[in-house]
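Respectively, the protein sequence lines represent chains A and B.
If you count the first sequence from 1, position 180 lands on 183 in my numbering, and the numbers rise without skipping.
If you count the second sequence from 1, position 63 lands on 74 in my numbering, and the numbers rise without skipping.
Source of the hints: derived by calculation from the structure; they are not laboratory data.
A virtual CB, placed ideally from N, CA and C, is assigned to each residue, including glycine.
There could be a bad hint or two in this list.
Here are the simulated BS3-like pairs of lysine-lysine, each with C-alpha atoms no more than 27 Å apart in a straight line [stated by the list, open to error]: (1) B:Lys433 to B:Lys448; (2) B:Lys22 to A:Lys153; (3) A:Lys54 to B:Lys366; (4) A:Lys54 to B:Lys305; (5) B:Lys301 to A:Lys54; (6) A:Lys166 to B:Lys22.
Quick list of simulated restraints, FRET-style, between CB atoms [to be verified]: (7) B:Lys22 to A:Ala60: 12 to 22 Å; (8) B:Ser491 to A:Leu184: 57 to 67 Å; (9) A:Leu146 to B:Lys305: 38 to 48 Å; (10) B:Arg96 to A:Glu179: 19 to 29 Å.
Footprint (simulated), chain A over chain B, 3 or more residues, beta carbon under 8 Å [claimed, not checked]: (11) 26-38; (12) 57-66; (13) 255-266.
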Amino acid sequence: MADIMKLRLKFAEAGDMRWLSHLEITRAWRRIVSRAGLPVAYSEGFSPHPKIALSPALAVGVGSEAEYADIVLSDHVPAGEALDRVNFCAPMGLRAVAARAMDLRAPTLGSSIKIVDYRLVVARELPEADIATALNSISASLLRVEHGGKRTAVIFRLPVEAKLNTLILSIEESLELQSTLRTIDRVAQWVLVDDSLVDPIDLDRPGMDENGKAQRDINFDGRI
Amino acid sequence: MKDDLQPLLPKVRRPGRYIGGELNQVVKKEAGVRIALAFPDVYEVGMSNLGLQILYEVINDLPDFGCERVFAPWPDMEAQMRQTRTPLTALESARPISEFDLIGFSLQYELTFTNVLNMIELAGLPLLAAERAGLPIVIAGGPCAFNPEPMALFFDAVFIGEAEEAIVEIMESVREFKEEHGRNADRNKLLAALSRIDGVYVPGLYSWTGGYPLVSQDGAPATVKRRVITDFDKAPIPKRPLVPFLETVHDRCVIEIMRGCTRGCRFCQAGVIYRPARERAAATIGAAAKTQIKNTGYEEISLASLSATDHSEITAALQEVREIGFSPAWRVSLPSMRTDKFSVEIAEKIAGARKTGLTFAPEAGTDRLRRVINKGLTEEDALNAAKKAFSSGWTRIKLYFMIGLPTETDEDVSAIALLINKILEAARLDLGAKAAKRLKIAVSVSSFVPKAHSPFQWATMITPKEIAGRQALLRGDLRSRQVELKWHEAASSQVEAALARGGREMAPVIAKAYELGARFDGWSDHFSFETWRRAGVEAGIDIDQAAKRKIEPDDALPWDHIDCGVTKAWLAKEYERSLDEIETVDCRSGSCSQCGVCKDGIKMEIRS
Ligand code: SF4
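Excised from the complex, chain A in its bound form (with noise of 0.2 Å):
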């Protein structure tokens, strides 16, 4: 069966599913593609494997509000019916948000998304000038601080190689946050798109309406 479209999901781990590895998340993806009867593509050979392919490794411990899956089908099925099949079959914690049809030869994820946002909430107040500092020895980047009650989040941008793990350690070491209790959520992914920032499941595909749906008639059982 030949490679007919790629399927960009846009999804969250939201709760426990922090808790998950990459290659368990992955794992999961593809029971939910298969659950959900989306007619997907195999590699070849002895053990085939479904072409699934998520942005870059989230970190064990570290939530998401902005994850990515592109999904290779070998039949057309429009994005917003997919959207609808995914969800309906994905467990409490991971839900796609946004579903894309993309060009087979659209750029992979991993190699378009170049910058990542991350919140890290702490359930205490920190000072301003602390967290810059604190931001800076990392060179990362600030971009707004939320207080609230005795809570502080604060939302900061880096390159996507960065080690998130050894930055989150230096943080916690200069904001003395080691019996604090925090979480960090991954909040966006960037691709960079004339020296702009583009959310990957906003990048455009030919023949697709800003809706992601396909210009062309759609017969009742989803195909083109």
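Since the structure of chain A is already known, use the hints to place chain B with the ligand on it.
Same frame as chain A, now just chain B with the ligand:
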């Protein structure tokens, strides 16, 4: 409550073991009676247990009952829990298991006993049943429950047999108690009620003064009869099995195609305690497979049984499941096959181009010893099976053997090497020297451990010294580079043997070993024989002696009050016949050897 665990998760390996939330998990907000199914091994092992998946669905399908899961925390998690005084919680609701109405342990293997104690203690409950009050009731089931005595003091009740129906009766009984008296009432009323349910053994109602058989009191039955499911074809099959995020030991759909086995291997406990053989119809298997695949997204299914190629409709059943083949990765696997040509032909059908490995279990090296164990397999069968495998394109086979079987001599051990060399020689003749060079034979050798309720329950286990001697002999005889030889840990087999045929006197040893830090004894990198030896010394029991103890035919057995269905007289006759090297035919052939199981509506259920 879930928050208690959160700070610990960054500090442990594979935190995914402790979060639950898998596809098909059932979370019940309201439930009249709640049970935590407790599996005393790590998540990845426990989630591969079919019984757990069956009971999970049977219970949760009932409107007023709730079933959750809990597994043994890995030592890194245990350390965190102890340090922070975090109690053991169930995956679904993160509620402490001490707040449940029942905790149901699955005893698959003797070497998980210390994990059971660990889980009871991490739950915050006293280890000894006699020191606990009110609910929860701590109950156990599974194959090791058939000799419950070593663990009897730690359990309020032990269930003997197949639990699909009885679990409902047990939970009803707990509901009545709770509604009438409340959670913290005097539990003796409940224990008495439980002891009246067929298959339930309440150890506290049987007095022990050092000897056997145990004597029942307060109206508890003199012998506890094993529960058996009749009309197995209609028995519940999981429709929505849980789909773990972590890679588990058996990471696929599993359909139990047959329960019980009629072969009558004399070392085998499972061959006795799951009798009689009951098959599911091919159509039932096919329909169940479709449902499971649809509800899980798995691309692989395993047709489980003790001897899959014995199933009378195996070809039709395979046809049914192979047709589901919806993806290029679709795969059917058939663990535990007979060692014969027919089985290889079946394996060939399902393997297609992907011939990764094929496993046979000749168990012993000579026809004589195979007659002793009633394996029903000749050297010719084994050679034919291996030859057929190689000529069909397999390049790797795996062979299972046991050493230390009753009547075994050095000659029998050397014959294992001879058999393997004959297989290689036959392959050379068949395929030519060049092709035969690529073949690999993986040989896995374990030590025979006598088990309760098997014909060999009276036999003795060989000593670690004898094991070492026979291993050396075999190693010397097997020098081919094409053979890869693997041993099963000898020292842990001693402990397994001491526990498998032990009585209540073993309880202090287990408790002591646990206190000295024994955990995950089934994992060779965690097992310490020294710990167990010391525990034995402190409790006044010599582990080595207990392991090799030969039981005289007239001796009362610690498990005499457990009626497994097969009569003791039949087991004794089988043991005698084994010493005379007389085989007993498979009752599937139509010739019943009167093992005693088939009565009161229980019968062999063979499709064709
Ligand atoms: S009673 Fe006879 S037919 Fe039934 S399992 Fe025993 S030997 Fe087989």
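Here's how the hints hold up against the structure:
1. B:Lys433 to B:Lys448: Roughly 14 Å between the alpha carbons, so the hint for Lys433 of chain B and Lys448 of chain B holds.
2. B:Lys22 to A:Lys153: 25 Å, holds
3. A:Lys54 to B:Lys366: With a Cα-Cα distance of about 23 Å, the restraint between Lys54 of chain A and Lys366 of chain B holds, given a limit of 27 Å.
4. A:Lys54 to B:Lys305: 20 Å, holds
5. B:Lys301 to A:Lys54: 24 Å, holds
6. A:Lys166 to B:Lys22: Holds - the C-alpha atoms of Lys22 of chain B and Lys166 of chain A are around 19 Å apart, at most 27 Å.
7. B:Lys22 to A:Ala60: 12 to 22 Å: Given a distance of about 20 Å, which is inside 12 to 22 Å, the answer is holds.
8. B:Ser491 to A:Leu184: 57 to 67 Å: For Leu184 of chain A against Ser491 of chain B, whose Cβ atoms are near 60 Å apart, the range 57 to 67 Å holds.
9. A:Leu146 to B:Lys305: 38 to 48 Å: 44 Å, holds
10. B:Arg96 to A:Glu179: 19 to 29 Å: 25 Å, holds
11. 26-38: holds (count 9)
12. 57-66: Three-residue rule not met by the stretch 57-66 of chain B, so violated; n is 0.
13. 255-266: It holds: at least three residues are needed, and the stretch 255-266 of chain B offers 3 whose Cβ sits within less than 8 Å of chain A.
The structure is inconsistent with hint 12 alone, although it conforms to all the rest.
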